[in-house]
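Could you put together the complete structure from these sequences and hints?
One-letter residues, chain by chain:
Protein chains: 2
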Amino acid sequence: MHAILKYIFLFLAPFYVNSLECDQALLEEVRSYKPIVEGIIEETINGASKGLCYKKLADFVDKYQKRITGSQILEDSIDYLVSNLSSPESVMDEVWKEPAPDLPHWIRGREEAFVVEPVKKKMATLAFGSSVATPNGQALVAEAVVVENFDELYKLDPSQVSGKIVVYNQGYSSYGESREYRYKAAPEAAKLGAVAALVESIGPFSINSPHTGVTQYEDGVEKIPSIAITKEDAEMLRRIYRRGQKIVLSIKSNSTMLSPVTSHNLVADYKGSEYPDKVVVVSGHIDNWDVGQGAMDDAGGMMLGLIAVEVINNLGLPRPKRTIRNILWTAEEQGLLGAEKYFNQHQNELNNFVFVMESDSGTFDPQGLQYTGDRQNGECIIKEIVSMLAPINASKYEWTSGAVSTDITHFTDAGVPGAGLWDPDEIYFYFHHTEGDMMTVEDPDALDRAVALWTATAYIIADLNSDFPRSTSTCLYSPSILSLILLVYALKTLL
Amino acid sequence: MHAILKYIFLFLAPFYVNSLECDQALLEEVRSYKPIVEGIIEETINGASKGLCYKKLADFVDKYQKRITGSQILEDSIDYLVSNLSSPESVMDEVWKEPAPDLPHWIRGREEAFVVEPVKKKMATLAFGSSVATPNGQALVAEAVVVENFDELYKLDPSQVSGKIVVYNQGYSSYGESREYRYKAAPEAAKLGAVAALVESIGPFSINSPHTGVTQYEDGVEKIPSIAITKEDAEMLRRIYRRGQKIVLSIKSNSTMLSPVTSHNLVADYKGSEYPDKVVVVSGHIDNWDVGQGAMDDAGGMMLGLIAVEVINNLGLPRPKRTIRNILWTAEEQGLLGAEKYFNQHQNELNNFVFVMESDSGTFDPQGLQYTGDRQNGECIIKEIVSMLAPINASKYEWTSGAVSTDITHFTDAGVPGAGLWDPDEIYFYFHHTEGDMMTVEDPDALDRAVALWTATAYIIADLNSDFPRSTSTCLYSPSILSLILLVYALKTLL
Chain B
6 MHAILKYIFL FLAPFYVNSL ECDQALLEEV RSYKPIVEGI IEETINGASK GLCYKKLADF
66 VDKYQKRITG SQILEDSIDY LVSNLSSPES VMDEVWKEPA PDLPHWIRGR EEAFVVEPVK
126 KKMATLAFGS SVATPNGQAL VAEAVVVENF DELYKLDPSQ VSGKIVVYNQ GYSSYGESRE
186 YRYKAAPEAA KLGAVAALVE SIGPFSINSP HTGVTQYEDG VEKIPSIAIT KEDAEMLRRI
246 YRRGQKIVLS IKSNSTMLSP VTSHNLVADY KGSEYPDKVV VVSGHIDNWD VGQGAMDDAG
306 GMMLGLIAVE VINNLGLPRP KRTIRNILWT AEEQGLLGAE KYFNQHQNEL NNFVFVMESD
366 SGTFDPQGLQ YTGDRQNGEC IIKEIVSMLA PINASKYEWT SGAVSTDITH FTDAGVPGAG
426 LWDPDEIYFY FHHTEGDMMT VEDPDALDRA VALWTATAYI IADLNSDFPR STSTCLYSPS
486 ILSLILLVYA LKTLL
Chain H
6 MHAILKYIFL FLAPFYVNSL ECDQALLEEV RSYKPIVEGI IEETINGASK GLCYKKLADF
66 VDKYQKRITG SQILEDSIDY LVSNLSSPES VMDEVWKEPA PDLPHWIRGR EEAFVVEPVK
126 KKMATLAFGS SVATPNGQAL VAEAVVVENF DELYKLDPSQ VSGKIVVYNQ GYSSYGESRE
186 YRYKAAPEAA KLGAVAALVE SIGPFSINSP HTGVTQYEDG VEKIPSIAIT KEDAEMLRRI
246 YRRGQKIVLS IKSNSTMLSP VTSHNLVADY KGSEYPDKVV VVSGHIDNWD VGQGAMDDAG
306 GMMLGLIAVE VINNLGLPRP KRTIRNILWT AEEQGLLGAE KYFNQHQNEL NNFVFVMESD
366 SGTFDPQGLQ YTGDRQNGEC IIKEIVSMLA PINASKYEWT SGAVSTDITH FTDAGVPGAG
426 LWDPDEIYFY FHHTEGDMMT VEDPDALDRA VALWTATAYI IADLNSDFPR STSTCLYSPS
486 ILSLILLVYA LKTLL
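For the protein sequence lines, the chains are B and H, in the order given. Mapped onto my numbering, the consecutive letters of the first sequence carry residue numbers 6 to 500. Mapped onto my numbering, the consecutive letters of the second sequence carry residue numbers 6 to 500.
If you are wondering where the hints come from, they were derived from the structure by calculation, not from laboratory data. A couple of the hints might just be wrong.
Just so you know, same-sequence chains aren't split out, so a pair can sit in one copy or run between any two.
Subject to a maximum C-alpha distance of 25 Å in a straight line, what follows is the list of computed DSS-like cross-link-like pairs (lysine-lysine) [claimed, not checked]:
#, residue 1, residue 2
1, LYS257, LYS68
2, LYS257, LYS125
3, LYS228, LYS401
4, LYS39, LYS283
5, LYS196, LYS283
6, LYS61, LYS189
7, LYS68, LYS126
8, LYS127, LYS276
9, LYS388, LYS60
10, LYS189, LYS60
11, LYS388, LYS102
12, LYS126, LYS257
13, LYS257, LYS127
14, LYS160, LYS127
15, LYS388, LYS283
16, LYS60, LYS326
17, LYS326, LYS251
18, LYS126, LYS160
In structure tokens form, the structure reads like this:
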């Protein structure tokens with residue numbers, strides 16, 4: 006090999022670190038779980054655990070429907086599960102609540118919205134969480150300005166907006182992009198003197214179905230009501246506005262922000278046999294909005310982990326070496342607040358958190374895992390686990406350097422490897438934060454497949470001889486530094 | 006040929022009448038319209054008429070949204086179109102209203118429905134059209150009985166139902182089958198002493214979206230409120246009921262049936278050049294429920310015919326030999342009542358009605374035509390027309406001996422050949438009779454394709470040298486009688 010080629014090779018080699026071969030012994034170890042995975046699949050798809058997740062989920066959400074932060078229903082639902090998981094029939098070893106203080110306590114109250122001119126129409130609405138009321142909770146009647154996006158708003162003169170209600174008909178691109186309108190619609194309109202913001206719901210499809218979700222205000226900017234309207238009505242208002250017709254709206258909301266409250270994260274341990282202090286977290290959030298049952302957002306996700314431990318027990322599998330910890334996060338809908346409190350309270354124990362998992366994007370047709378963490382042996386393990394889930398079509402995986410699910414983000418940002426249940430179905434955002442998030446969206450078989458995937462993943466990772474590999478924090482830099490040294494050396498030799 | 010084979014052949018021959026060859030001269034005549042059809046397609050898909058149907062439809066439904074029979078909005082919308090179609094810019098030659106008297110005038114009023122026990126939940130509702138109010142329009146609080154179908158109801162003893170609210174959670178099979186629950190839920194429950202019926206909406210999919218529609222009462226059976234609830238809530242109530250929990254509901258409705266009213270069918274003629282008294286009807290219904298805009302049910306269908314005539318004019322095509330008559334039916338939602346009145350008023354002129362067309366199943370992705378009429382040359386013509394619509398994927402057709410669309414059924418039952426726009430998309434019943442039937446469901450391109458299909462079909466049939474062939478009323482019997490004679494003769498010869 007010519008010297009220069011050798012140096013180029015040496016220079017590039019560190020970038021190929023990701024294609025280094027898996028540790029064969031580790032791979033063999035993961036593969037040895039195949040009979041166990043087959044047993045888990047059989048148990049959940051055809052066995053005694055078939056339909057268990059759907060049944061328990063329905064029992065729970067039919068009883069506790071609107072588990073919004075600050076509500077008695079949310080705290081009752083947490084206490085119900087604590088009691089349930091602490092009962093003699095439960096397989097859990099320890100169950101406790103951890104307080105999450107200083108949470109917002111917002112109450113919707115009554116809402117109404119009408120088009121008054123040029124036609125009469127009652128509009129379906131859902132004020133966004135944290136929205137202020139209309140002045141004195143009374144009807145606010147004002148002319149409307151309809152924009153399609155922030156750019157269009159920013160081009161308006163304050164005189165065109167002042168005293169008016171800004172209607173956003175921004176359409177839907179992706180949840181991540183479109184929800185910026187939920188967050189910023191009110192303050193951006195208020196900066197130009199608007200008296201309220203009506204925002205097209207953040208969702209790709211609607212049957213007159215408004216979507217709520219948390220909104221944001223800015224310090225020093227007037228807080229004005231921020232209310233979701235349906236895609237249908239937002240489009241209608243835009244059409245009318247484009248025809249040059251004057252639109253007058255009447256809106257009323259008496260939502261209130263009360264004093265902060267304390268809620269609770271619920272923690273339930275299935276203790277490991279060898280390293281009980283080491284935990285694999287399976288999780289979902291228990292709170293939802295004050296609409297629907299929160300069946301898919303996120304009682305279903307939360308239930309997967311609880312059922313996973315039951316499946317392990319029902320199958321009589323040996324205790325995994327590490328603890329499987331169910332965490333039922335509170336106040337996710339308010340901005341991952343329960344999870345933030347928990348992380349702050351436990352960030353000194355990060356070494357004990359071996360792996361974190363959450364499902365918070367539905368269980369419509371579980372495809373596999375979205376994974377963040379070590380790209381060598383860690384990725385090898387995940388790839389090997391999902392390959393064993395091919396019989397239930399859940400063998401896809403996707404690596405990302407970013408978040409894989411909502412509540413576990415603090416952990417994964419801090420370098421704890423983690424996985425989210427991968428459910429690519431766009432239909433999730435049909436129902437997200439609407440009154441339609443009911444058990445009707447759940448399919449017992451899809452839930453069973455998600456349980457199988459969840460159980461197999463948690464069990465194997467909790468039971469491996471060695472902890473799930475963690476990327477060293479310098480790993481992204483090391484190859485570059487090495488490359489730099491090699492490059493300097495190469496240039497020195499050549500020149 | 007052996008004698009017996011000859012007789013068997015003769016016996017079977019009449020059954021093969023449908024495979025007789027098309028009249029070649031007629032076929033050639035239909036094929037000669039190919040350049041015209043290509044022009045129509047080009048004009049609607051890429052030409053000056055592109056997007057015209059969507060624009061005019063939006064203008065109309067944004068202005069007149071809830072065109073329920075008896076409402077001023079319905080009559081205003083009819084007058085608006087009369088004025089519009091009579092203007093100097095209109096291509097119509099004659100426009101008039103025909104009174105349809107004695108129509109029901111039902112008003113919804115306010116509605117509320119709550120689950121009171123064992124959980125608290127506000128349910129979305131839409132009382133069915135013609136439903137009576139709760140007693141004095143006040144809250145009616147009663148225990149619920151939940152059934153999945155009529156069979157389950159019929160097995161109950163009156164003592165189990167008396168004084169209770171019957172909830173139907175019948176699921177959705179097809180619109181035709183499932184709507185029986187909308188019609189009969191109340192009287193069947195009332196026969197057992199129930200005080201109200203809550204019925205799962207007739208639709209395959211829901212985002213907390215109740216569907217209304219007309220209900221029916223029986224003479225001599227107590228009239229009790231008949232109210233649609235969502236699929237989600239019906240399923241929830243069934244689950245709770247199956248757990249053996251007592252369900253208490255509180256419902257309120259102050260809908261009212263006022264004195265009968267007169268509405269109007271709107272008729273607009275584009276006169277034929279040679280046989281102006283002979284008409285090809287293109288139609289849709291102008292009324293809708295008091296929910297949504299009735300964009301797809303059925304303003305969109307209605308608009309196709311109006312635009313078709315504009316397209317013919319825009320293209321400068323020769324006047325067709327026969328008149329193209331747009332009929333905008335009223336009071337379809339009340340049971341095809343406007344169409345029934347019109348038919349009764351015109352049944353002595355059936356020979357002048359050459360062909361009847363209606364679109365009332367959406368225009369989501371127009372596939373072709375559903376046709377009823379003569380199975381020989383008539384079917385040949387239809388097949389030939391739709392084959393020319395292959396460039397817009399609208400070349401399917403389906404023959405049926407029954408109805409092809411709602412309002413034209415009296416005509417087709419009386420032997421007038423007819424066609425309905427074939428739109429197989431199940432999504433139609435996602436929105437049908439809901440607040441979600443808004444312009445958002447309409448796609449400008451799909452509407453353009455439907456206009457092209459509609460225009461080509463109406464133009465060719467109106468312009469053919471001979472009237473569209475009509476089946477003789479004895480045609481189904483003649484072959485059988487002939488067969489019988491032949492069979493007797495054959496047996497006589499052989500035996």
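Requested in this report: Provide an ascending list of the numbers of those earlier hints which the structure does not satisfy.
Outcome: 3, 5, 6, 8, 9, 10, 11, 14, 16, 17, 18
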